[in-house]
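Colleague: Can you build the whole structure from these sequences, using the hints too?
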Amino acid sequence: MYDILELNNKLLTELRDIAKELNIKKVESFKKQDLIYQILDQQAIQASEIKAKKIVGKGKGEGPETAPAPRAAEEHSKVHPDASKGQRKRITIEKKEPGPLFTTRPDQRQGSQPDQVEPKPAPAVTPAQPSIFRNSPAPVATAPASAPVESAPEVQEVPPVPAPAFSRPERKEKENDETAPVVVKPARNFEPKLKSEQPSEEAKTKENGDAKKQEIYDFDGFITSTGVLEIMQEGYGFLRSADYNYLNSPDDVYVSQSQIKLFGLKTGDTVTGSVRPPKEGEKFFPLIKVLHINGRDPEFVRDRVPFDYLTPLFPNQKFDITSHPECTVSTRIVDMFCPIGKGQRGLIVSQPKTGKTVLLKEIANAIAANHPEVYLMVLLIDERPEEVTDMTRGVNGEVISSTFDEPAEKHVRIAAIVMEKAKRLVECGHDVVILLDSITRLARAYNTVQPASGKVLSGGVDANALHKPKRFFGAARNIENGGSLTILATALIDTGSKMDEVIFEEFKGTGNMELQLDRKLANKRIWPAVDIQGSSTRREDLLHPKDFLSKMWVLRNFLSDMNPVEAMEFMRDKLAGTRTNEEFLISMNSQ
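Mapping of the sequence shown onto my numbering: residues 27 to 617, in sequence order.
Quick caveat, the hints were computed from the structure, so don't treat them as lab data.
Treat the numbers as computed from the prediction; the structure is a model and nothing was measured.
With a straight-line cut-off of 16 Å between C-alpha atoms, the simulated EDC-like cross-links for lysine to aspartate or glutamate are:
id : residue 1 : residue 2
1  : K292      : D334
2  : K51       : D67
3  : K550      : E592
4  : K57       : D43
5  : K309      : D277
6  : K292      : E260
7  : K577      : E566
8  : K387      : D416
9  : K436      : D408
10 : K305      : D60
11 : K344      : E566
12 : K496      : E531
13 : K577      : D567
14 : K57       : E40
15 : K344      : E399
16 : K287      : D329
17 : K577      : E609
18 : K534      : D520
19 : K58       : E306
20 : K58       : D29
21 : K292      : D329
22 : K494      : D334
23 : K387      : E424
24 : K52       : E40
25 : K494      : E435
26 : K57       : E306
27 : K572      : E608
28 : K496      : E532
29 : K550      : E595
30 : K315      : E325
31 : K546      : E592
Modeller: Right, dumping it as C-alpha coordinates:
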(Lines of atoms letter the chains of each structure in order from A; the text may use other names.)
(Lines give C-alpha, C1' and ligand atoms only; values in the text may rest on other atoms or scores of the structure.)
Protein backbone atom coordinates (compact mmCIF):
# COMPACT_ATOMS: atom_id res chain seq x y z
CA MET A 27 0.00 0.00 0.00
CA TYR A 28 1.34 3.37 -1.02
CA ASP A 29 0.36 6.69 0.51
CA ILE A 30 0.24 9.98 -1.33
CA LEU A 31 3.61 11.16 -0.01
CA GLU A 32 5.41 8.10 -1.32
CA LEU A 33 3.69 8.41 -4.69
CA ASN A 34 4.60 12.09 -5.03
CA ASN A 35 8.28 11.27 -4.55
CA LYS A 36 8.27 8.68 -7.36
CA LEU A 37 8.97 9.36 -11.02
CA LEU A 38 6.29 9.18 -13.68
CA THR A 39 7.68 5.93 -15.08
CA GLU A 40 7.61 4.27 -11.65
CA LEU A 41 4.02 5.42 -11.14
CA ARG A 42 3.05 3.89 -14.47
CA ASP A 43 4.59 0.56 -13.46
CA ILE A 44 2.65 0.60 -10.17
CA ALA A 45 -0.54 1.44 -12.04
CA LYS A 46 -0.03 -1.47 -14.41
CA GLU A 47 0.41 -3.81 -11.45
CA LEU A 48 -2.93 -2.55 -10.09
CA ASN A 49 -4.57 -3.22 -13.48
CA ILE A 50 -5.26 0.43 -14.24
CA LYS A 51 -5.96 0.88 -17.92
CA LYS A 52 -4.47 3.55 -20.21
CA VAL A 53 -1.82 4.67 -17.77
CA GLU A 54 -0.02 6.59 -20.52
CA SER A 55 -2.90 9.07 -20.83
CA PHE A 56 -2.76 10.28 -17.21
CA LYS A 57 -0.67 13.09 -15.87
CA LYS A 58 1.36 12.52 -12.74
CA GLN A 59 -1.18 13.89 -10.22
CA ASP A 60 -4.11 12.17 -11.92
CA LEU A 61 -2.20 8.89 -11.98
CA ILE A 62 -1.47 9.20 -8.24
CA TYR A 63 -5.18 9.60 -7.48
CA GLN A 64 -6.03 6.65 -9.71
CA ILE A 65 -3.53 4.47 -7.83
CA LEU A 66 -4.97 5.54 -4.46
CA ASP A 67 -8.53 4.80 -5.64
CA GLN A 68 -7.56 1.39 -6.98
CA GLN A 69 -5.76 0.51 -3.72
CA ALA A 70 -8.88 1.44 -1.74
CA ILE A 71 -11.07 -0.69 -4.03
CA GLN A 72 -8.83 -3.73 -3.77
CA ALA A 73 -8.55 -3.33 0.01
CA SER A 74 -12.35 -3.31 0.35
CA GLU A 75 -12.62 -6.45 -1.80
CA ILE A 76 -10.08 -8.28 0.36
CA LYS A 77 -11.91 -7.23 3.53
CA ALA A 78 -15.24 -8.43 2.14
CA LYS A 79 -13.76 -11.81 1.23
CA LYS A 80 -12.41 -12.20 4.75
CA ILE A 81 -15.85 -11.48 6.23
CA VAL A 82 -17.49 -14.04 3.94
CA GLY A 83 -14.87 -16.62 4.90
CA LYS A 84 -15.45 -16.07 8.59
CA GLY A 85 -19.23 -16.38 8.16
CA LYS A 86 -18.85 -19.71 6.38
CA GLY A 87 -16.44 -21.03 8.99
CA GLU A 88 -18.74 -20.46 11.97
CA GLY A 89 -20.95 -23.49 11.25
CA PRO A 90 -18.41 -26.30 11.68
CA GLU A 91 -16.74 -24.55 14.62
CA THR A 92 -19.93 -24.08 16.63
CA ALA A 93 -21.57 -27.36 15.70
CA PRO A 94 -20.35 -29.52 18.64
CA ALA A 95 -21.79 -27.21 21.32
CA PRO A 96 -25.45 -27.42 20.25
CA ARG A 97 -25.12 -31.15 19.68
CA ALA A 98 -23.99 -31.62 23.28
CA ALA A 99 -26.76 -29.38 24.51
CA GLU A 100 -29.38 -31.35 22.62
CA GLU A 101 -28.08 -34.67 23.89
CA HIS A 102 -28.43 -33.23 27.40
CA SER A 103 -32.00 -32.13 26.59
CA LYS A 104 -32.84 -35.43 24.87
CA VAL A 105 -33.45 -33.99 21.46
CA HIS A 106 -34.23 -36.24 18.48
CA PRO A 107 -31.01 -37.93 17.38
CA ASP A 108 -31.52 -36.87 13.77
CA ALA A 109 -30.77 -33.29 14.75
CA SER A 110 -27.05 -34.02 14.80
CA LYS A 111 -27.09 -34.38 11.05
CA GLY A 112 -28.14 -30.79 10.69
CA GLN A 113 -25.09 -29.53 12.47
CA ARG A 114 -22.89 -30.19 9.45
CA LYS A 115 -25.01 -28.19 7.05
CA ARG A 116 -26.35 -24.68 7.12
CA ILE A 117 -30.08 -24.62 6.52
CA THR A 118 -32.03 -21.44 5.96
CA ILE A 119 -35.68 -21.48 6.95
CA GLU A 120 -37.59 -19.09 4.78
CA LYS A 121 -40.24 -17.15 6.62
CA LYS A 122 -43.45 -16.29 4.88
CA GLU A 123 -43.69 -12.91 6.45
CA PRO A 124 -41.29 -10.36 4.97
CA GLY A 125 -38.87 -9.35 7.63
CA PRO A 126 -35.56 -7.55 7.92
CA LEU A 127 -32.33 -9.33 7.23
CA PHE A 128 -29.97 -9.45 10.18
CA THR A 129 -26.31 -10.29 10.04
CA THR A 130 -24.35 -11.66 12.93
CA ARG A 131 -20.98 -10.14 13.52
CA PRO A 132 -18.05 -12.47 14.27
CA ASP A 133 -17.32 -10.83 17.63
CA GLN A 134 -20.46 -12.23 19.38
CA ARG A 135 -18.59 -15.09 21.00
CA GLN A 136 -17.82 -13.19 24.18
CA GLY A 137 -20.93 -11.00 24.39
CA SER A 138 -23.90 -11.81 26.54
CA GLN A 139 -26.30 -10.16 24.10
CA PRO A 140 -26.48 -10.06 20.32
CA ASP A 141 -24.89 -7.09 18.52
CA GLN A 142 -26.98 -4.33 17.13
CA VAL A 143 -27.86 -5.04 13.55
CA GLU A 144 -28.61 -2.80 10.63
CA PRO A 145 -32.15 -3.55 9.44
CA LYS A 146 -33.43 -2.80 5.98
CA PRO A 147 -35.89 0.05 5.82
CA ALA A 148 -38.73 -1.54 7.83
CA PRO A 149 -39.07 0.55 10.99
CA ALA A 150 -42.20 -1.33 12.19
CA VAL A 151 -40.32 -4.59 12.67
CA THR A 152 -37.15 -3.17 14.16
CA PRO A 153 -38.18 -2.66 17.83
CA ALA A 154 -39.60 -6.20 18.15
CA GLN A 155 -36.32 -7.98 17.52
CA PRO A 156 -34.55 -7.48 20.89
CA SER A 157 -37.53 -8.98 22.74
CA ILE A 158 -37.35 -12.12 20.59
CA PHE A 159 -33.71 -12.58 21.47
CA ARG A 160 -34.18 -12.26 25.20
CA ASN A 161 -37.71 -13.03 26.35
CA SER A 162 -39.56 -15.32 23.92
CA PRO A 163 -39.48 -18.88 25.27
CA ALA A 164 -42.16 -20.05 22.79
CA PRO A 165 -41.13 -23.34 21.21
CA VAL A 166 -40.78 -23.69 17.47
CA ALA A 167 -41.07 -27.18 16.06
CA THR A 168 -38.86 -29.02 13.58
CA ALA A 169 -35.84 -26.74 13.51
CA PRO A 170 -32.37 -28.12 12.77
CA ALA A 171 -29.81 -27.82 15.54
CA SER A 172 -27.12 -25.51 14.24
CA ALA A 173 -27.10 -22.79 16.89
CA PRO A 174 -23.85 -20.96 17.45
CA VAL A 175 -21.90 -21.08 20.68
CA GLU A 176 -22.90 -17.61 21.73
CA SER A 177 -26.48 -18.75 22.41
CA ALA A 178 -25.48 -20.76 25.51
CA PRO A 179 -24.82 -17.83 27.81
CA GLU A 180 -28.11 -16.23 26.78
CA VAL A 181 -30.10 -19.25 28.02
CA GLN A 182 -28.30 -19.18 31.31
CA GLU A 183 -29.36 -15.59 31.85
CA VAL A 184 -33.01 -16.65 32.39
CA PRO A 185 -32.90 -19.47 35.00
CA PRO A 186 -36.54 -19.16 36.27
CA VAL A 187 -37.96 -20.14 32.88
CA PRO A 188 -37.19 -23.79 32.07
CA ALA A 189 -35.98 -24.14 28.54
CA PRO A 190 -38.00 -26.80 26.73
CA ALA A 191 -36.40 -29.20 24.37
CA PHE A 192 -37.66 -27.21 21.43
CA SER A 193 -36.71 -23.76 22.73
CA ARG A 194 -33.11 -24.08 21.60
CA PRO A 195 -34.04 -25.05 18.05
CA GLU A 196 -36.18 -21.90 18.02
CA ARG A 197 -33.14 -19.92 18.95
CA LYS A 198 -31.31 -21.73 16.21
CA GLU A 199 -34.03 -20.82 13.79
CA LYS A 200 -33.86 -17.21 14.75
CA GLU A 201 -30.13 -17.13 14.58
CA ASN A 202 -30.16 -19.14 11.38
CA ASP A 203 -32.39 -16.47 9.98
CA GLU A 204 -29.76 -14.01 10.98
CA THR A 205 -26.70 -15.96 9.91
CA ALA A 206 -28.09 -17.28 6.67
CA PRO A 207 -28.05 -13.94 4.84
CA VAL A 208 -24.35 -13.48 5.64
CA VAL A 209 -23.77 -14.35 2.02
CA VAL A 210 -25.59 -11.15 1.15
CA LYS A 211 -23.31 -9.05 3.33
CA PRO A 212 -20.51 -8.75 0.79
CA ALA A 213 -23.01 -7.16 -1.56
CA ARG A 214 -23.86 -4.65 1.14
CA ASN A 215 -20.17 -4.11 1.77
CA PHE A 216 -19.69 -3.48 -1.92
CA GLU A 217 -22.20 -0.67 -1.98
CA PRO A 218 -19.75 2.01 -0.77
CA LYS A 219 -17.20 0.49 -3.13
CA LEU A 220 -19.51 1.01 -6.08
CA LYS A 221 -20.10 4.56 -5.00
CA SER A 222 -16.38 5.19 -4.76
CA GLU A 223 -15.83 3.56 -8.13
CA GLN A 224 -18.40 5.66 -9.88
CA PRO A 225 -16.57 9.04 -9.73
CA SER A 226 -13.30 7.34 -10.60
CA GLU A 227 -14.90 5.80 -13.71
CA GLU A 228 -16.28 9.19 -14.66
CA ALA A 229 -12.86 10.67 -14.13
CA LYS A 230 -11.37 7.95 -16.31
CA THR A 231 -13.90 8.65 -19.03
CA LYS A 232 -13.24 12.36 -18.81
CA GLU A 233 -9.49 11.87 -18.87
CA ASN A 234 -9.73 9.50 -21.81
CA GLY A 235 -11.83 12.03 -23.67
CA ASP A 236 -9.36 14.79 -22.90
CA ALA A 237 -6.50 12.53 -23.95
CA LYS A 238 -8.15 12.00 -27.30
CA LYS A 239 -8.56 15.74 -27.77
CA GLN A 240 -5.09 16.63 -26.65
CA GLU A 241 -2.24 14.16 -26.47
CA ILE A 242 0.14 14.45 -23.55
CA TYR A 243 3.82 14.92 -24.30
CA ASP A 244 6.90 15.33 -22.20
CA PHE A 245 8.48 18.59 -23.38
CA ASP A 246 11.49 18.54 -21.05
CA GLY A 247 14.55 19.52 -23.06
CA PHE A 248 12.67 19.91 -26.35
CA ILE A 249 12.93 23.70 -26.36
CA THR A 250 16.26 25.51 -26.63
CA SER A 251 16.30 29.14 -25.53
CA THR A 252 18.90 31.89 -25.72
CA GLY A 253 18.97 35.03 -23.62
CA VAL A 254 21.11 37.49 -21.73
CA LEU A 255 21.43 36.76 -18.03
CA GLU A 256 20.34 39.36 -15.51
CA ILE A 257 21.10 38.40 -11.91
CA MET A 258 18.76 39.63 -9.19
CA GLN A 259 19.78 40.72 -5.72
CA GLU A 260 18.46 37.44 -4.27
CA GLY A 261 21.05 35.45 -6.24
CA TYR A 262 18.90 33.88 -8.95
CA GLY A 263 18.56 35.30 -12.43
CA PHE A 264 16.58 35.43 -15.65
CA LEU A 265 17.50 35.10 -19.30
CA ARG A 266 16.13 38.23 -20.97
CA SER A 267 15.00 38.09 -24.57
CA ALA A 268 16.40 40.41 -27.24
CA ASP A 269 12.91 40.64 -28.74
CA TYR A 270 11.87 42.71 -25.72
CA ASN A 271 15.07 44.81 -25.54
CA TYR A 272 16.29 42.73 -22.57
CA LEU A 273 13.44 43.90 -20.34
CA ASN A 274 10.95 41.78 -18.38
CA SER A 275 8.91 39.66 -20.77
CA PRO A 276 6.90 36.41 -20.99
CA ASP A 277 9.92 34.77 -22.67
CA ASP A 278 12.10 35.07 -19.56
CA VAL A 279 13.83 31.85 -18.48
CA TYR A 280 14.52 31.25 -14.79
CA VAL A 281 18.12 30.42 -13.81
CA SER A 282 18.65 29.04 -10.32
CA GLN A 283 21.30 30.25 -7.91
CA SER A 284 23.06 26.87 -7.97
CA GLN A 285 23.42 27.04 -11.76
CA ILE A 286 24.88 30.54 -11.55
CA LYS A 287 27.48 29.40 -9.02
CA LEU A 288 28.23 26.15 -10.85
CA PHE A 289 29.08 27.79 -14.18
CA GLY A 290 30.42 31.07 -12.80
CA LEU A 291 27.81 33.13 -14.63
CA LYS A 292 27.70 36.93 -14.56
CA THR A 293 25.21 39.55 -15.58
CA GLY A 294 25.38 39.94 -19.34
CA ASP A 295 26.31 36.36 -20.19
CA THR A 296 24.56 35.07 -23.30
CA VAL A 297 23.35 31.61 -22.27
CA THR A 298 21.94 28.95 -24.57
CA GLY A 299 20.26 26.00 -22.89
CA SER A 300 17.37 23.59 -22.73
CA VAL A 301 14.23 24.59 -20.87
CA ARG A 302 11.05 22.84 -19.82
CA PRO A 303 7.48 24.12 -19.49
CA PRO A 304 6.51 25.47 -16.08
CA LYS A 305 4.69 23.13 -13.73
CA GLU A 306 1.78 23.94 -11.45
CA GLY A 307 2.60 26.98 -9.33
CA GLU A 308 5.55 28.04 -11.52
CA LYS A 309 5.52 31.27 -13.51
CA PHE A 310 8.61 30.95 -15.69
CA PHE A 311 10.32 28.43 -17.93
CA PRO A 312 13.21 27.02 -15.86
CA LEU A 313 16.61 26.32 -17.38
CA ILE A 314 17.44 22.61 -17.03
CA LYS A 315 20.67 22.32 -19.03
CA VAL A 316 23.33 24.82 -20.13
CA LEU A 317 24.66 24.17 -23.63
CA HIS A 318 26.74 27.25 -24.48
CA ILE A 319 27.79 30.44 -22.74
CA ASN A 320 28.77 33.35 -24.99
CA GLY A 321 29.24 30.87 -27.83
CA ARG A 322 31.77 28.85 -25.80
CA ASP A 323 31.68 25.65 -23.81
CA PRO A 324 30.85 26.11 -20.11
CA GLU A 325 34.29 24.73 -19.13
CA PHE A 326 36.02 27.48 -21.09
CA VAL A 327 33.92 30.27 -19.59
CA ARG A 328 34.49 29.17 -16.00
CA ASP A 329 38.19 30.12 -16.16
CA ARG A 330 37.89 33.43 -18.02
CA VAL A 331 39.70 36.62 -17.02
CA PRO A 332 37.44 39.51 -15.90
CA PHE A 333 37.10 42.40 -18.33
CA ASP A 334 38.71 44.96 -16.03
CA TYR A 335 41.91 42.89 -15.88
CA LEU A 336 42.35 42.56 -19.65
CA THR A 337 45.18 44.57 -21.23
CA PRO A 338 43.98 47.37 -23.56
CA LEU A 339 45.94 48.24 -26.71
CA PHE A 340 45.64 50.65 -29.62
CA PRO A 341 43.61 49.26 -32.52
CA ASN A 342 45.90 47.50 -34.98
CA GLN A 343 43.40 45.76 -37.30
CA LYS A 344 41.27 47.94 -39.55
CA PHE A 345 37.66 47.30 -40.41
CA ASP A 346 37.10 46.94 -44.14
CA ILE A 347 34.05 49.05 -44.96
CA THR A 348 34.65 49.61 -48.68
CA SER A 349 34.84 46.25 -50.44
CA HIS A 350 31.20 45.18 -50.20
CA PRO A 351 28.84 45.63 -53.18
CA GLU A 352 26.78 48.35 -51.47
CA CYS A 353 29.77 50.57 -50.80
CA THR A 354 29.02 54.31 -50.85
CA VAL A 355 31.07 57.48 -51.00
CA SER A 356 30.43 58.03 -47.29
CA THR A 357 32.10 54.81 -46.22
CA ARG A 358 35.01 55.37 -48.62
CA ILE A 359 35.72 58.82 -47.18
CA VAL A 360 35.45 57.54 -43.61
CA ASP A 361 37.82 54.69 -44.46
CA MET A 362 40.39 57.08 -45.91
CA PHE A 363 40.41 59.93 -43.40
CA CYS A 364 39.05 58.24 -40.25
CA PRO A 365 39.91 54.54 -40.41
CA ILE A 366 38.04 52.40 -37.89
CA GLY A 367 39.93 49.58 -36.20
CA LYS A 368 38.88 46.77 -33.92
CA GLY A 369 38.74 48.28 -30.46
CA GLN A 370 38.19 51.86 -31.69
CA ARG A 371 36.57 54.41 -29.41
CA GLY A 372 35.07 56.78 -31.92
CA LEU A 373 33.03 59.92 -31.46
CA ILE A 374 30.87 61.27 -34.28
CA VAL A 375 30.36 64.96 -33.50
CA SER A 376 27.42 66.39 -35.36
CA GLN A 377 24.86 69.11 -35.39
CA PRO A 378 21.18 68.30 -35.87
CA LYS A 379 20.12 67.21 -39.37
CA THR A 380 23.58 66.40 -40.68
CA GLY A 381 22.91 62.76 -41.61
CA LYS A 382 24.58 61.03 -38.68
CA THR A 383 21.91 58.30 -38.47
CA VAL A 384 22.26 57.44 -42.16
CA LEU A 385 26.04 57.39 -41.81
CA LEU A 386 25.77 55.00 -38.85
CA LYS A 387 23.52 52.71 -40.86
CA GLU A 388 25.96 52.58 -43.77
CA ILE A 389 28.90 51.84 -41.47
CA ALA A 390 26.90 49.11 -39.73
CA ASN A 391 25.95 47.41 -42.99
CA ALA A 392 29.55 47.61 -44.23
CA ILE A 393 30.92 45.98 -41.08
CA ALA A 394 28.22 43.30 -41.12
CA ALA A 395 28.91 42.48 -44.78
CA ASN A 396 32.71 42.34 -44.63
CA HIS A 397 33.23 41.04 -41.08
CA PRO A 398 30.77 38.26 -40.24
CA GLU A 399 32.94 37.28 -37.23
CA VAL A 400 32.02 40.55 -35.51
CA TYR A 401 28.98 40.75 -33.25
CA LEU A 402 27.21 44.00 -34.18
CA MET A 403 24.82 45.85 -31.89
CA VAL A 404 23.05 49.14 -32.61
CA LEU A 405 21.89 50.92 -29.46
CA LEU A 406 19.33 53.67 -29.99
CA ILE A 407 18.64 55.79 -26.92
CA ASP A 408 15.93 58.45 -26.82
CA GLU A 409 15.30 58.21 -30.55
CA ARG A 410 12.18 58.63 -32.65
CA PRO A 411 10.11 55.45 -33.13
CA GLU A 412 10.14 55.69 -36.92
CA GLU A 413 13.94 55.84 -36.92
CA VAL A 414 14.00 52.74 -34.75
CA THR A 415 11.85 50.89 -37.27
CA ASP A 416 14.01 52.08 -40.17
CA MET A 417 17.20 51.02 -38.41
CA THR A 418 15.75 47.63 -37.48
CA ARG A 419 14.73 46.88 -41.05
CA GLY A 420 17.80 48.39 -42.71
CA VAL A 421 20.66 47.01 -40.57
CA ASN A 422 21.87 43.43 -40.59
CA GLY A 423 22.54 43.28 -36.88
CA GLU A 424 20.94 43.41 -33.46
CA VAL A 425 19.08 46.65 -32.78
CA ILE A 426 18.26 47.55 -29.17
CA SER A 427 16.17 50.66 -28.76
CA SER A 428 14.43 52.87 -26.25
CA THR A 429 12.36 55.65 -27.76
CA PHE A 430 11.99 59.16 -26.39
CA ASP A 431 8.54 58.42 -24.94
CA GLU A 432 10.04 55.86 -22.55
CA PRO A 433 11.17 56.81 -19.03
CA ALA A 434 14.83 57.55 -18.33
CA GLU A 435 15.07 54.46 -16.12
CA LYS A 436 14.44 52.29 -19.16
CA HIS A 437 17.18 54.06 -21.14
CA VAL A 438 19.65 53.45 -18.35
CA ARG A 439 18.67 49.82 -17.81
CA ILE A 440 18.93 48.90 -21.50
CA ALA A 441 22.30 50.61 -21.86
CA ALA A 442 23.63 48.85 -18.76
CA ILE A 443 22.67 45.34 -19.88
CA VAL A 444 24.00 45.95 -23.41
CA MET A 445 27.30 47.06 -21.91
CA GLU A 446 27.48 43.98 -19.69
CA LYS A 447 26.68 41.71 -22.61
CA ALA A 448 29.46 43.26 -24.70
CA LYS A 449 31.98 42.87 -21.86
CA ARG A 450 31.13 39.19 -21.38
CA LEU A 451 31.57 38.54 -25.10
CA VAL A 452 34.95 40.27 -25.10
CA GLU A 453 36.05 38.20 -22.11
CA CYS A 454 35.44 35.11 -24.24
CA GLY A 455 37.58 36.47 -27.09
CA HIS A 456 34.91 37.85 -29.42
CA ASP A 457 35.01 41.09 -31.43
CA VAL A 458 32.04 43.32 -30.61
CA VAL A 459 30.90 46.57 -32.23
CA ILE A 460 28.40 48.93 -30.58
CA LEU A 461 26.96 51.85 -32.54
CA LEU A 462 25.40 54.26 -30.05
CA ASP A 463 23.01 57.02 -31.00
CA SER A 464 23.43 59.10 -29.04
CA ILE A 465 25.72 59.36 -26.04
CA THR A 466 24.43 62.85 -25.28
CA ARG A 467 20.91 61.58 -24.67
CA LEU A 468 22.27 58.66 -22.68
CA ALA A 469 24.11 61.09 -20.41
CA ARG A 470 20.89 63.08 -20.05
CA ALA A 471 19.09 59.91 -18.92
CA TYR A 472 21.80 59.13 -16.36
CA ASN A 473 21.57 62.70 -15.11
CA THR A 474 17.81 62.28 -14.66
CA VAL A 475 18.01 59.11 -12.60
CA GLN A 476 21.05 60.20 -10.60
CA PRO A 477 20.20 61.07 -6.97
CA ALA A 478 20.97 64.66 -6.11
CA SER A 479 24.47 64.98 -4.70
CA GLY A 480 24.36 68.72 -4.06
CA LYS A 481 27.08 69.43 -6.63
CA VAL A 482 25.64 70.68 -9.90
CA LEU A 483 27.70 71.71 -12.90
CA SER A 484 26.69 74.40 -15.34
CA GLY A 485 23.71 73.42 -17.43
CA GLY A 486 22.09 71.44 -14.61
CA VAL A 487 24.38 68.42 -14.89
CA ASP A 488 25.01 66.61 -11.62
CA ALA A 489 28.65 66.17 -10.75
CA ASN A 490 28.29 62.37 -10.49
CA ALA A 491 25.86 61.87 -13.37
CA LEU A 492 28.51 61.52 -16.09
CA HIS A 493 30.50 58.79 -14.39
CA LYS A 494 28.50 55.87 -15.78
CA PRO A 495 28.29 57.24 -19.35
CA LYS A 496 32.07 57.63 -19.26
CA ARG A 497 32.41 54.03 -18.11
CA PHE A 498 30.21 52.99 -21.01
CA PHE A 499 32.24 54.90 -23.59
CA GLY A 500 35.57 54.04 -21.97
CA ALA A 501 34.91 50.29 -22.16
CA ALA A 502 35.90 50.33 -25.84
CA ARG A 503 39.37 48.83 -26.22
CA ASN A 504 41.47 46.40 -28.18
CA ILE A 505 42.40 43.45 -25.98
CA GLU A 506 45.79 41.83 -26.04
CA ASN A 507 45.71 38.19 -27.22
CA GLY A 508 42.26 38.40 -28.72
CA GLY A 509 38.94 40.18 -28.35
CA SER A 510 37.95 43.79 -28.89
CA LEU A 511 35.13 46.17 -28.13
CA THR A 512 34.50 48.95 -30.63
CA ILE A 513 32.14 51.80 -29.79
CA LEU A 514 31.08 54.50 -32.24
CA ALA A 515 28.90 57.06 -30.48
CA THR A 516 27.29 60.24 -31.74
CA ALA A 517 27.55 63.46 -29.73
CA LEU A 518 25.24 66.41 -30.34
CA ILE A 519 26.49 70.00 -30.47
CA ASP A 520 24.89 73.35 -31.28
CA THR A 521 21.50 72.21 -30.04
CA GLY A 522 20.90 75.35 -28.01
CA SER A 523 21.12 73.39 -24.75
CA LYS A 524 23.81 74.24 -22.25
CA MET A 525 23.61 70.70 -20.89
CA ASP A 526 24.54 69.22 -24.28
CA GLU A 527 27.57 71.49 -24.48
CA VAL A 528 28.72 70.43 -21.01
CA ILE A 529 28.26 66.76 -21.88
CA PHE A 530 30.26 67.15 -25.09
CA GLU A 531 33.05 68.94 -23.30
CA GLU A 532 33.25 66.08 -20.81
CA PHE A 533 33.59 63.49 -23.58
CA LYS A 534 35.81 65.55 -25.86
CA GLY A 535 39.25 64.02 -26.06
CA THR A 536 38.27 60.69 -24.50
CA GLY A 537 38.00 58.90 -27.85
CA ASN A 538 40.81 57.84 -30.17
CA MET A 539 38.82 58.65 -33.33
CA GLU A 540 36.73 61.72 -34.08
CA LEU A 541 34.52 62.30 -37.09
CA GLN A 542 33.20 65.84 -37.56
CA LEU A 543 30.01 66.52 -39.49
CA ASP A 544 29.36 70.03 -40.82
CA ARG A 545 25.93 71.60 -41.02
CA LYS A 546 27.03 73.84 -43.92
CA LEU A 547 27.54 70.81 -46.13
CA ALA A 548 24.15 69.41 -45.17
CA ASN A 549 22.45 72.71 -45.94
CA LYS A 550 23.91 72.56 -49.45
CA ARG A 551 22.79 68.94 -49.75
CA ILE A 552 26.34 67.67 -49.99
CA TRP A 553 26.53 64.16 -48.57
CA PRO A 554 28.37 62.93 -46.65
CA ALA A 555 28.60 66.15 -44.66
CA VAL A 556 32.07 65.28 -43.31
CA ASP A 557 34.53 67.96 -42.28
CA ILE A 558 37.63 66.32 -43.72
CA GLN A 559 40.15 68.58 -42.04
CA GLY A 560 38.57 68.20 -38.60
CA SER A 561 38.28 64.41 -38.76
CA SER A 562 41.11 62.04 -37.88
CA THR A 563 42.12 58.84 -36.06
CA ARG A 564 44.85 58.50 -33.49
CA ARG A 565 47.68 56.16 -34.43
CA GLU A 566 46.30 55.59 -37.91
CA ASP A 567 49.77 54.34 -38.86
CA LEU A 568 48.76 51.07 -37.13
CA LEU A 569 45.80 50.72 -39.48
CA HIS A 570 47.03 51.93 -42.91
CA PRO A 571 50.01 50.57 -44.84
CA LYS A 572 52.99 52.89 -45.17
CA ASP A 573 52.54 53.63 -48.87
CA PHE A 574 48.85 54.33 -48.34
CA LEU A 575 49.65 56.54 -45.35
CA SER A 576 52.26 58.58 -47.24
CA LYS A 577 49.80 59.33 -50.03
CA MET A 578 47.17 60.33 -47.50
CA TRP A 579 49.54 62.91 -46.03
CA VAL A 580 50.02 64.40 -49.49
CA LEU A 581 46.26 64.48 -50.01
CA ARG A 582 45.67 66.18 -46.67
CA ASN A 583 48.24 68.85 -47.51
CA PHE A 584 46.48 69.44 -50.80
CA LEU A 585 43.06 69.78 -49.14
CA SER A 586 44.26 71.98 -46.29
CA ASP A 587 43.92 75.15 -48.39
CA MET A 588 40.26 74.44 -49.12
CA ASN A 589 37.24 75.02 -46.95
CA PRO A 590 35.10 72.00 -45.95
CA VAL A 591 32.61 72.53 -48.80
CA GLU A 592 35.29 72.73 -51.49
CA ALA A 593 37.22 69.78 -50.07
CA MET A 594 34.14 67.54 -50.04
CA GLU A 595 33.10 68.53 -53.54
CA PHE A 596 36.62 67.77 -54.79
CA MET A 597 36.66 64.34 -53.13
CA ARG A 598 33.21 63.44 -54.42
CA ASP A 599 34.22 64.23 -58.00
CA LYS A 600 37.44 62.23 -57.82
CA LEU A 601 35.99 59.23 -56.02
CA ALA A 602 33.14 58.95 -58.50
CA GLY A 603 35.61 58.03 -61.24
CA THR A 604 37.27 55.19 -59.31
CA ARG A 605 36.02 51.98 -57.76
CA THR A 606 38.35 51.70 -54.75
CA ASN A 607 40.40 54.03 -52.57
CA GLU A 608 43.63 52.40 -53.69
CA GLU A 609 42.73 53.09 -57.30
CA PHE A 610 42.03 56.71 -56.41
CA LEU A 611 45.42 57.15 -54.71
CA ILE A 612 47.20 55.61 -57.67
CA SER A 613 45.44 58.04 -60.00
CA MET A 614 46.74 60.97 -57.92
CA ASN A 615 50.18 60.67 -59.54
CA SER A 616 48.76 61.27 -63.01
CA GLN A 617 46.83 64.36 -61.97
